[in-house]
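All chains should be built: construct the whole structure from the sequences, respecting the hints.
Using this note's numbering, read the sequence shown as starting at 787 and increasing by one per residue.
Hints are supplied without guarantee of correctness; some may be wrong.
[What the hints assert, rightly or not] Computed list of lysine to aspartate or glutamate pairs in EDC-like fashion (alpha-carbon distance at most 16 Å, straight line):
1) K863 x E802
2) K863 x E805
3) K863 x E803
Quick caveat, the hints were computed from the structure, so don't treat them as lab data.
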Amino acid sequence: MAGFVQIIEFQTSRIEEIEQLGRPSRTEGGTPSTFRRIVATADRDRPGTYFTIVDFDSYESAMENSNRPETSEFAAKMAALCDGPLIFRNLDVMWEDTGEGAEDG
787 MAGFVQIIEF
797 QTSRIEEIEQ
807 LGRPSRTEGG
817 TPSTFRRIVA
827 TADRDRPGTY
837 FTIVDFDSYE
847 SAMENSNRPE
857 TSEFAAKMAA
867 LCDGPLIFRN
877 LDVMWEDTGE
887 GAEDG
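Next comes the structure, spelled out in structure tokens:
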């Protein structure tokens with residue numbers, strides 16, 4: 787199963803304000819999402835450091851999402867609340883294991 791994952795790393799002392807922006811999947815007009823899943827995380831070892839992990843079916847669907855005006859608007863608002871630049875990691879999925887089908891025993 788191929789796929790694409792984008793990880794966005796950022797630092798902020800204003801995480802509550804970022805959360806109040808809403809999730810980037812909320813769009814006006816009901817445009818369908820191009821991602822499979824978004825996970826928001828906080829780094830336990832580095833307070834104030836956060837990662838957003840976004841799963842896509844493909845690089846192309848990720849770029850379609852990135853090119854949407856609502857995504858750009860959300861990213862600009864989010865960046866204004868960060869204490870430094872956003873760092874993007876663009877990763878091709880080589881393989882994955884969901885753990886499904888494993889038998890207890």
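Each hint, compared with the structure:
1. K863 x E802: Answer holds: K863 to E802 is near 13 Å, not above 16 Å.
2. K863 x E805: Status holds; Cα separation ~11 Å.
3. K863 x E803: Given that 16 Å is the threshold and the Cα spacing comes to 10 Å, the pair holds.
Checked against the numbered hints given earlier, this structure breaks none of them.
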